[in-house]
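Asker: So you can see what is in the structure, the chains are spelled out below.
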Amino acid sequence: ETGVTQTPRHLVMGMTNKKSLKCEQHLGHNAMYWYKQSAKKPLELMFVYNFKEQTENNSVPSRFSPECPNSSHLFLHLHTLQPEDSALYLCASSQERVGGTDTQYFGPGTRLTVL
Amino acid sequence: DAKTTQPTSMDCAEGRAANLPCNHSTISGNEYVYWYRQIHSQGPQYIIHGLKNNETNEMASLIITEDRKSSTLILPHATLRDTAVYYCIVRVAGSGNTPLVFGKGTRLSVIA
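Keeping their order, the protein sequence lines are chains V and U. The opening position of the first sequence corresponds to residue 76 in the numbering used here, with each subsequent residue numbered one higher. The opening position of the second sequence corresponds to residue 115 in the numbering used here, with each subsequent residue numbered one higher.
By construction, these hints were calculated from the structure, which means they are not laboratory data. For glycine and all other residues, C-beta sits at the position ideal for the given N, C-alpha and C. You can trust all of the hints, since none of them are fake.
Only part of the chain V face toward chain U is listed, based on derived beta-carbon distances under 8 Å:
#: 1; residue: 118
#: 2; residue: 123
#: 3; residue: 165
#: 4; residue: 180
#: 5; residue: 183
Some but not every residue of chain V turned toward chain U, in silico, with C-beta under 10 Å:
#: 6; residue: 178
#: 7; residue: 184
#: 8; residue: 186
With the hints as constraints, model all of the structure from the sequences given.
Answerer: Quick look at the structure:
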């Protein structure tokens, strides 16, 4: 499926590096999400954007900085990360439907390793 | 915390039906039951969802009990590619793009 794409698929970075993860959705949705999945843990929500406005920040450290320039693109800027931030970072999108369901569709994820 | 309870793991022979149970005894009247699966190190894949009635699509069938306290996802003819972790999630309908809360899911192993 190519509805939600993420780049890069794999990223290795040092603790002093600055990098960005990119997500793009081709589904015409109005909401986008960042989730984190650490080894052997359930997916955890990080951020939610509705109509380009951040509506939820799930107590994420400031070394993670999201950006949503338009409803189709979502970025996650990374700086001074820690080794424990190594995880699979997943992007999702959905379309809000009044009185209906808003199914979320996920991208393939970016596997991040922090050395 | 996830509002659902699922077995940790299950095995299924290739070609047979895989029946994955889920308990959601505290489900509210306006909450849907969603199923996703995650193949190793990939993004979760949407499978199916329902409110009260049984649902079927090209991937699976969803059977919801009359009291809505439990449901079963059925993969009618399991293949090796169906090996994955399956997540059952309850979520309010039309809830303004609220996030999904994932539990630990059921690890389904399809065996040749």
